[in-house]
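J.: Residue numbers (the numbering used here), protein chains in the order written: chain F, 1 to 161; chain Z, 1001 to 1032.
Be a bit skeptical, because a hint or two may be false.
[Unchecked claim] In silico lysine-lysine, DSS-like type, Cα no more than 30 Å apart, as pairs:
1) K21/F to K119/F
2) K119/F to K105/F
3) K45/F to K1014/Z
4) K87/F to K1013/Z
5) K105/F to K1014/Z
6) K1014/Z to K126/F
7) K1013/Z to K63/F
8) K59/F to K70/F
9) K81/F to K1014/Z
10) K59/F to K124/F
11) K59/F to K1014/Z
12) K59/F to K105/F
13) K45/F to K126/F
14) K105/F to K81/F
15) K126/F to K1013/Z
16) K1013/Z to K21/F
17) K124/F to K1014/Z
18) K1013/Z to K119/F
19) K105/F to K124/F
20) K63/F to K87/F
21) K1014/Z to K87/F
22) K119/F to K45/F
23) K87/F to K45/F
24) K87/F to K119/F
25) K1014/Z to K70/F
26) K45/F to K124/F
27) K1014/Z to K119/F
[Said to hold, decoys possible] Residues from chain F that face chain Z, not an exhaustive set, calculated with beta carbons under 8 Å:
28) L41
29) K124
30) Q127
31) L131
Just so you know, the hints here were simulated from the structure itself, not pulled from any lab data. Heads up, the beta-carbon is just placed ideally off N, CA and C, and yes, glycines get one too.
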Amino acid sequence: MGEIVLVVIGILRALQLNIYKENSQENAVINSYCNQLLEDLNDEKNFSTSYIEEMTFFKSEYKRYLESYKGKDLSLTESMKNISQLKIKINFIHFSSSTFQSLEKSGDINILSEPIRSKLLDLKNKQQELLERTNLNGQTQSRFIADGVSAAGPKNLSEII
Amino acid sequence: MSGDFIQNEVRFKKLLVQIEALITIINTELEN
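Model the full assembly from the supplied sequences, consistent with the hints where possible.
T.: Below, the structure is given as structure tokens:
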């Protein structure tokens, strides 16, 4: 009887150790992912902050551009020159998603806690939405400028550029 | 066009809030 009890205790202890080992390994993986995510998020934070600063500058630049039309009857060439002098560049928007992609591909996203997982998925959806909208706006803006330059004609183009 | 700037600025500001919230949650979990 005593031997059976000892064997059962031994098995339970082995199971306990195994669970502890598995939990430790999983925690190490989670911590590693969390640290990688933090690196990505800090990059995204820096990028977003500088993008907001640029947007603020562009808004004032665009206001200045609109002011240049006030009370003036500008020719097409002058208008296009005005547009080309706008210090607005279409920046390439990028987000650091390598960790997120590997989390998704490996299925390891499920080992993250629910608050992190849901907020991460929500953030990635918003970023994707923003990328699609901005790319569409960028294409419209480029087309607008290209159409304007083409309407001004090759002769006026050299004056503009 | 200025509408795009304003919209993008607002969207990026919202993203920034989300990013900062996520950073806080991850840091809290790493500490525990």
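J.: K59/F and K124/F: Cα distance at most 30 Å?
T.: holds (27 Å)
J.: Hinted pair, alpha-carbon criterion (30 Å max): K1014/Z, K119/F. Please report holds or violated.
T.: Given pair K1014/Z, K119/F holds - Cα atoms ~13 Å apart, limit 30 Å.
J.: With the threshold set at 30 Å, check whether the alpha-carbon distance from K105/F to K81/F stays at or below it.
T.: violated (49 Å)
J.: Quick one, are K124/F and K1014/Z close enough, alpha carbons at most 30 Å?
T.: The hint holds at about 13 Å.
J.: Holds or violated: K87/F with K45/F, Cα cutoff 30 Å?
T.: Holds - the C-alpha atoms of K45/F and K87/F are around 24 Å apart, at most 30 Å.
J.: Between K1013/Z and K119/F, is the straight-line Cα distance small enough, at 30 Å or below?
T.: holds (16 Å)
J.: Is it true that the CA of K59/F sits at most 30 Å from the CA of K105/F?
T.: violated (40 Å)
J.: Within a Cα-Cα threshold of 30 Å, do K105/F and K124/F meet the stated pairing?
T.: Answer holds: K105/F to K124/F is near 15 Å, not above 30 Å.
J.: Going straight from one Cα to the other, do K126/F and K1013/Z come out at no more than 30 Å?
T.: holds (12 Å)
J.: CA of K45/F to CA of K126/F, is that 30 Å or under?
T.: Roughly 14 Å separates the two Cα atoms, so the pair holds.
J.: Does the structure keep K59/F and K1014/Z at a Cα separation of 30 Å or less?
T.: holds (18 Å)
J.: Regarding the hint that K124/F lies at the interface with chain Z, is the smallest CB-CB distance below 8 Å?
T.: Hint violated; K124/F Cβ to chain Z Cβ min 10 Å, cut 8 Å.
When the structure is compared with the earlier hints, violations turn up for hints 9, 12, 14, 16, 24, 25, 29 and 31 and for no others.
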